[in-house]
Amino acid sequence: MGAILRNPKFWLFAVCLLPLARLFVLGFTDELGANPIEFITHSTGTWTLVGLLATLSVTPLRRLTGRADLIRYRRMLGLFAFFYAMLHFMTYLWLDQFFDLAGIAKDIVKRPFITVGFAACALLIPLAATSTHAMMRRLGRRWQQLHRLVYLIASLGVIHYLWLVKKDLTQPLIFGTALILLLAMRLPWGQNALHAVRNRLVLAR
Amino acid sequence: MPLRPSCDILPSEITPPEIYRERRRFMLGMGVLAASATLGVAPDVQAGTRLAGVRSSAYTLGDEKTPYKAVTTYNNFYEFGTGKSDPADNAGSLITRPWTVTVEGEVGKPGVYDIDSLLKLAPLEERIYRMRCVEGWSMVIPWVGFPLSELIRRAAPTGKAKYVEFVSLNDPRQMPGQRSGVLDWPYVEGLRLDEAMHPLAILAVGLYGEVLPNQNGAPIRLVVPWKYGFKSAKSIVRIRFVEKQPLTAWMRAAPQEYGFYSNVNPQVDHPRWSQAKERRIGEFLKRDTLMFNGYGAQVAQLYRGMDLQRLF
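Listed in order, the protein sequences are those of chains A and B. Our numbering numbers the first residue of the first sequence as 1104 and each following residue consecutively. Our numbering numbers the first residue of the second sequence as 928 and each following residue consecutively.
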């Protein structure tokens, strides 16, 4: 037991479950507001985006801190993004549309925000399926190529949010700005900038 | 509410609404007494105060009414923020007394009406209406108000008056949402004169038999039940009779998404989402949206010969 409690992965796992726990607590205390289905849809969608951005933060953080072992937490973050994406999709499928498959098919074709959201959700499936060590070994270099899809998925996720809000773009733009920053840190000049910041930090110490 | 699981609270332990509302009223009363002592405000105008002499009307529905709590905590009122709970959280800063509504433009008898005179302009009646938001949810709300036509008749519109424009309060000190440019303030809405004269169109001053809470558009708002909710302008300070079709706040913000008429119409989708169905607040399964929100028998003749796909 003590060993588990000393494992940072255990704590990360617990933290990642907090958004779901919150929904349960709010649900049991009747605090989900007048439109609980909308609340759950927005909440699971928001946490999917947070999960994706957290996953994308691992590499820049490694470069910034020089702590290579941070990579050990990336899979869990990615899988939690997938977990909340599936909850988000299930909320839409079950609570919102109540398995009205014809209506859902029409939505996916006709509503651009649902088209991109659905595409992002579907693209996450092969990434989750190939997240194990065995699959990494089996796919070799192609594993990394495949997992670069996450850049596209996160972008589609932000577009999905941008296109669905009625007027107030503040929240989706916050996610969009964070995503652009995280992607820019992967470009050559972004990496140089990270490197420069790191040197400063090291010197300051 | 299917999402509310069974829990250990016995029905007998739940405070009945009459009692907790009474407590709130008492607390409010204390606050109002304190405020009126310093400001000299009449203490009988706060939300939760019962409106006297409200008549029932023929305009009622068999549908179950949406609970008071949902009607007063789940609102779109961008003047107080764009979140659904923002109006209930922030509308306390709105000062509804003194309040005047200016009636002007193409009328024989322009004038400035004090809110207290508007309350006595015509007998107050309860109107239980469906309310369909353009976002795809709906409620059933027992409004208290009087026909808009009563005010229009007194204003005596001239032959040039073809449209009526409604302007909401513009005061960022009272309305924190106006400090952001999410819409061009003030909020402007409009109706064709014949729509405004329709007996279903009312000016509401109350809800559930009580003074209208600030977050629901106090002290006076429009209610046009066959149109999407945003047409029913809140906290109105100006009613102007004009010759040309007014440019409404939402038409200005997104002309390709919001038309002047904005009649509830399940066959005309919002460009980004379907309008065929709606979620009645408190219900699990979506229900079909009705043409003109179910008021077709009364209002369809207003739009005879019009292409509602184009004039949405």
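These aren't lab readings, by the way, just hints derived from the structure by calculation. Computed from a predicted model, the values in this text were never measured in an experiment. Hints may be right or wrong, so weigh each one.
Below are the DSS-like pairs computed for lysine-lysine, each with C-alpha atoms no more than 25 Å apart in a straight line [what the hints assert, rightly or not]:
{"no.": "1", "chain 1": "B", "residue 1": "Lys1036", "chain 2": "A", "residue 2": "Lys1209"}
{"no.": "2", "chain 1": "B", "residue 1": "Lys1047", "chain 2": "A", "residue 2": "Lys1270"}
{"no.": "3", "chain 1": "B", "residue 1": "Lys1036", "chain 2": "A", "residue 2": "Lys1269"}
{"no.": "4", "chain 1": "B", "residue 1": "Lys1036", "chain 2": "B", "residue 2": "Lys1047"}
{"no.": "5", "chain 1": "A", "residue 1": "Lys1270", "chain 2": "B", "residue 2": "Lys1011"}
FRET-style restraints, in silico, Cβ to Cβ [what the hints assert, rightly or not]:
{"no.": "6", "chain 1": "B", "residue 1": "Asp1121", "chain 2": "A", "residue 2": "Ala1231", "range": "56 to 64 Å"}
{"no.": "7", "chain 1": "A", "residue 1": "Met1238", "chain 2": "B", "residue 2": "Pro1182", "range": "44 to 52 Å"}
{"no.": "8", "chain 1": "A", "residue 1": "Arg1125", "chain 2": "B", "residue 2": "Asp1098", "range": "51 to 59 Å"}
{"no.": "9", "chain 1": "B", "residue 1": "Arg1080", "chain 2": "A", "residue 2": "Lys1213", "range": "40 to 48 Å"}
All residues carry an ideal CB built from backbone N, CA and C; glycine is no exception.
Structure-based check of each hint:
About 53 Å separates the Cα atoms of Lys1036(B) and Lys1209(A), which puts this hinted pair outside 25 Å; it is violated. Of the pairs offered as hints, the one joining Lys1047(B) and Lys1270(A) is violated, with about 38 Å between alpha carbons and a cut-off of 25 Å exceeded. A distance of roughly 39 Å separates the Cα atoms of Lys1036(B) and Lys1269(A); the hinted pair therefore is violated under the 25 Å criterion. In summary, the hint linking Lys1036(B) to Lys1047(B) is supported, as the alpha carbons are separated by about 18 Å, within the 25 Å threshold.
A hinted pair counts as satisfied when its Cα atoms are at most 25 Å apart, and Lys1270(A) with Lys1011(B) qualifies at roughly 13 Å. Checked against the hint of 56 to 64 Å, the pair Asp1121(B) and Ala1231(A) passes, with Cβ atoms roughly 58 Å apart. Our hint of 44 to 52 Å for Met1238(A) and Pro1182(B) holds, since their Cβ atoms are close to 50 Å apart. Evaluation of the 51 to 59 Å hint for Arg1125(A) and Asp1098(B) yields a failure: the beta carbon distance comes to about 36 Å.
The hint said 40 to 48 Å for the Cβ distance between Arg1080(B) and Lys1213(A), and at roughly 45 Å that hint holds.
Of the hints listed earlier, those the structure fails to meet are numbers 1, 2, 3, 8, in rising order.
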